[in-house]
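> Heads up: the sequence lines are chains A and B, in that order.
Per our numbering, the very first residue in the first sequence carries number 1; after that it's consecutive.
Per our numbering, the very first residue in the second sequence carries number 1; after that it's consecutive.
Misleading hints may appear alongside valid ones.
Under the rule of at most 25 Å between Cα atoms (straight-line distance), these lysine-lysine pairs were calculated in the BS3-like manner [unchecked claim]:
1) 4/A with 105/B
2) 4/A with 9/B
3) 5/A with 205/B
4) 105/B with 363/B
5) 242/A with 388/A
6) 105/B with 3/A
7) 545/A with 435/A
8) 596/A with 435/A
9) 5/A with 105/B
10) 242/A with 522/A
11) 522/A with 535/A
12) 403/A with 462/A
13) 12/B with 4/A
14) 522/A with 462/A
15) 390/A with 538/A
16) 596/A with 586/A
17) 515/A with 618/A
18) 363/B with 71/B
19) 5/A with 134/B
20) 276/A with 301/A
21) 71/B with 4/A
22) 403/A with 517/A
23) 515/A with 545/A
24) 546/A with 73/A
25) 201/A with 266/A
26) 545/A with 517/A
27) 67/B with 5/A
28) 201/A with 335/A
29) 403/A with 522/A
30) 3/A with 12/B
I should point out that these hints are in silico values taken from the structure, not numbers from a laboratory.
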Amino acid sequence: MKKKKILIEEQMLSFSRRALLIGGLQIGALGLIVKHLYGIQVSDSQKYLSLSDSNRFNFSLIPSSRGSIFDRKGRILATNTGSFDIEIVPEWSQDIQETLYNLTKYVSIDEDEIKTILNIAKKQKSFIPITVKSNIDRQTVSRIAVNVPYLPGVSIERNERRIFPQGSLAVHVTGYVGRVSKSEQNKNSPELFLPGFRIGKSGIELQYDVDMRGLPGTKRVEVNSLGKVIRSSIEKDTIKGKNINLSLDIHLQTFALRRLQAGNDKLISVNEPKAKKVLDQNKLFAWQLRDDRDHINQNQKGDYVLPESGSVVVMDVNTGEVVVSVSAPTYDPNKFDPGISTSDWQMLSNHPRNPLINKTISGQYPPGSTFKMMVGLAALETGVITSKTKSFCPGYIEIGDMKFHCWHKHGHGSVDLQNAIAQSCDVFFYEIALKTGINNIARISREFGLGFPTGINLPGEKSGLIPDRKWKLDIKKQVWRPGETIIAGIGQGYVLATPIQLALMSARIANGGRKIKPTLLKTPILQTANLNSIKVSKENLNIIKKAMEKVSLDEFGTGRNFRLGIKGVEMAGKTGTVQVRRISTKERESEEGVIKNEDRIWEWRDHALYVGYAPMDKPRYAISVIVEHGGSGSSKAGPIARDIMEATLNDDPTRFIPSNPINKPLI
Amino acid sequence: MDSLPIFRKILKFDWLLIFMIFLLVCIGCLSLYSAAGGDWNPWANRHFQRSIIGFVIALVIAITDIKIIYKYAWLPFIISIILLLTLYFTSSQGVNRWLDLGALKIQPSEIAKISIILALARYFHDINIRDYGKVLYSVLALLIAMPIIILTVIQPDLGTAIMQILIVAVIIFLAGLRIWLLFISLGAFIACMPLIWFNLHDYQKQRILTHLDPSLDSLGAGYHINQSKIALGSGGIFGKGFLHGSQSHLDFLPEKQTDFIFTMIGEEFGLAGTLFVLMIFALIMLYCTIISFLQSSQFSRLLCSGIVFMLFSYVFVNVGMVSGLLPVVGAPLPLISYGGSSMLTIFISFGIILSASVHRFDKIEIKNY
């Protein structure tokens, strides 16, 4: 028994010794931890404190520089410029509202803007900077810089801003840039979340947006808790966005726009007292002139009117390069960065002449008489007529119980195809359209680029409309009626075309039926490599071309009054006057006759059209001009086209050498 | 010997220990309130409710006679093995440490820690006093613990397994392991290191490697350690203030409500906060060590000191991990981290300590004499 007790005591003692040893080890281990914590929290605290702050901006993105846009001669259409922006980081500002009110002492910020900023601040993480004001002037920069200590969280950042040095001249081609909207944000492109980042919203800026953006770099920034940058180092360089070289010639573009806007009106300087009075009274006039014009239009009646609106396209018939692409009215893309004001936006979107729409590709007009080449060619191809087939025009034609009028009240007498085109006789085309049939007309028109989007490199292109029996049945759920073929024969009714399609049509006629495609880029060499040709007989096409030549050369041609002023160079083409309202029998038979175009309200006036190409013997450029509600093709659109074509040919010393002839082997 | 009436037992409770435990629970609730961005939900409320249940369990155990605990000491061990086996056979691929028992989810490897301590304490108590310290029995003890350790390793939950091994080693040592054998086993362990290395999962290797140099991959596996150190260090001596830890509130800290809660305390209350928490843990351990010295049977002695070491290992591994001293292994901070299983283990353990303290003069008969 005694031994057991001793053993138990021994066991206890041994336990105590060992437990003390373990306890000692534990104290040692805890001591190690305390020493380690002391090291982190006291000795290295400063380092970790700044790391903790820099955590907020551990890696920041450097936005890449957006690619520029140049015209065909290297003139800048869009580029970037430095801009000073005021930014605020809500986290570093104790009271963001108070800071913003203090800021109003140095720069004008209205209540709405403050509200917007406060809203943004509520929604996003508090360490993300918010742009308060973009593009502030140097004086303001220095005033704010001095007062930054009293404006917690405020900083001045140098950012890039998009500028369009040509203002409104080519806005429908270049497009504009703007802030990234919620729906455009994409997790895979973190740069889209940067506060000052801009992306293309329309035109070339949208079409080539991803290429033009480039790739963002990354930057490691260490900032102290007051927002002062202690150190920053670039981790990855940015890759600059691609530059875009357009086929556009900005000088010709300018000329074309001005010429179109002038129309046949007299231009009065805005400094004249009369003009000033008009501007004071009419908000729309004043707004439209503010951007880029110092003249106001006065029409032949002496009224002050808005500049003509519409579209001009000039295209190289061999390459499809678009040299001029005008859509009027225009607007200033510079207003969209940093952000367009509400009043400007209201003006733009409610403007009766739709400045926001690029009419060259999205404006769909009945082609009117400019469609007659297609009808004539379809008739020749189908064999229902030859170039010698004649028809008598008494000024109208009665088919069934319907009466269809020619524009020439007293008729053209006996005409063949070429004269019918040259004098734009409607009755002739009513007859041959009916004989040819709508499906044959549609087939030929589509070959020449009508009825489909041309595939030009711009977003938002419309397809126009070439109707046929199937279309009517599928879409309208009705059977095609012969009367509709008759109307289609003069390019009215259902037929619609965009200005770019009309230019393409005349280019394809001019180049002998090669299926070029329009492009706005300068290097379309590959495009011309393997072009298909339209399957029409060369002879028939030449008959049409001769007819278009007669428009200018014939003594009764509708284009005889606006021949080119260049010696030995002539333009072939076709005028068009498109009725936009139905003329009632009562009006037609009244004593005064049809109400004159000038006496109608603007919206009811005829569209004036012209399509053509020059020089007529060695075609180089095709042109289409549409003056919206501009009156007749021969008096309004034709002279405009003549002047623009003249300028184009004069501007181009190589005008008699076809660019990039296809028989030349490609290297 | 008659046992004491219940109210006498309650009077004999170590109220200071209970107070310190309660203090830690309160610190836990406040930290979870801050971790939720100043909200009692979703963590702080549940944490408090769980701790109330925990206290009830602990007090029930505390008034239970130590002899009864001795009598059923093997039961939790067997239950643990069953739970671990269930987990092994029901779990799908990958890491799975949680057993879903319908109403509650438990982590069997946590419960297993206390069951190992109970089993080994009873095992060593039952050995004939003449065989005290014999090598055979030390090795046998290791073999007894093996099933649980192996089942934990294959989960795989290396962190918990290592803690289990350490607890087993400490108990065997306290039960009178021959000193020379200790050195041999240490040598053997070091020799086995390469073997263990090659059997580790890739993410486990990665954890150890990044532990050695966290800056190697600052956005990868070492990210947690770096961010945790930044949070601790930026807290400085007195911290950024309650609810103002930018690291925690800007979500740079992973799992701030569980394993990294100590970091958040360090960021918001600085060194003062972290030392205060560590001091309370040290006082609790000291208190429990004293209780273990006062025991009159080998069973309760080993039980108490085993529990103290378990508590120590929780604290050491957790704080060591978040401060970058040890590799990242999932280890909660007792009573403060949000989580039911470890809290249950801890409260059962404190219940046992309290019971041992109340019944410290009770002798448990020694068999096989």
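> Taking the hints in turn, state whether each one holds.
Comparing the hints with the structure gives:
{"no.": "1", "hint": "4/A with 105/B", "in the structure": "violated (47 Å)"}
{"no.": "2", "hint": "4/A with 9/B", "in the structure": "violated (31 Å)"}
{"no.": "3", "hint": "5/A with 205/B", "in the structure": "violated (51 Å)"}
{"no.": "4", "hint": "105/B with 363/B", "in the structure": "violated (38 Å)"}
{"no.": "5", "hint": "242/A with 388/A", "in the structure": "violated (56 Å)"}
{"no.": "6", "hint": "105/B with 3/A", "in the structure": "violated (51 Å)"}
{"no.": "7", "hint": "545/A with 435/A", "in the structure": "holds (22 Å)"}
{"no.": "8", "hint": "596/A with 435/A", "in the structure": "violated (33 Å)"}
{"no.": "9", "hint": "5/A with 105/B", "in the structure": "violated (47 Å)"}
{"no.": "10", "hint": "242/A with 522/A", "in the structure": "holds (14 Å)"}
{"no.": "11", "hint": "522/A with 535/A", "in the structure": "violated (28 Å)"}
{"no.": "12", "hint": "403/A with 462/A", "in the structure": "violated (33 Å)"}
{"no.": "13", "hint": "12/B with 4/A", "in the structure": "violated (31 Å)"}
{"no.": "14", "hint": "522/A with 462/A", "in the structure": "holds (23 Å)"}
{"no.": "15", "hint": "390/A with 538/A", "in the structure": "holds (22 Å)"}
{"no.": "16", "hint": "596/A with 586/A", "in the structure": "holds (15 Å)"}
{"no.": "17", "hint": "515/A with 618/A", "in the structure": "holds (17 Å)"}
{"no.": "18", "hint": "363/B with 71/B", "in the structure": "holds (13 Å)"}
{"no.": "19", "hint": "5/A with 134/B", "in the structure": "holds (19 Å)"}
{"no.": "20", "hint": "276/A with 301/A", "in the structure": "holds (19 Å)"}
{"no.": "21", "hint": "71/B with 4/A", "in the structure": "holds (23 Å)"}
{"no.": "22", "hint": "403/A with 517/A", "in the structure": "violated (40 Å)"}
{"no.": "23", "hint": "515/A with 545/A", "in the structure": "holds (17 Å)"}
{"no.": "24", "hint": "546/A with 73/A", "in the structure": "violated (34 Å)"}
{"no.": "25", "hint": "201/A with 266/A", "in the structure": "violated (36 Å)"}
{"no.": "26", "hint": "545/A with 517/A", "in the structure": "holds (20 Å)"}
{"no.": "27", "hint": "67/B with 5/A", "in the structure": "holds (21 Å)"}
{"no.": "28", "hint": "201/A with 335/A", "in the structure": "holds (13 Å)"}
{"no.": "29", "hint": "403/A with 522/A", "in the structure": "violated (50 Å)"}
{"no.": "30", "hint": "3/A with 12/B", "in the structure": "violated (34 Å)"}
When the structure is compared with the earlier hints, violations turn up for hints 1, 2, 3, 4, 5, 6, 8, 9, 11, 12, 13, 22, 24, 25, 29 and 30 and for no others.
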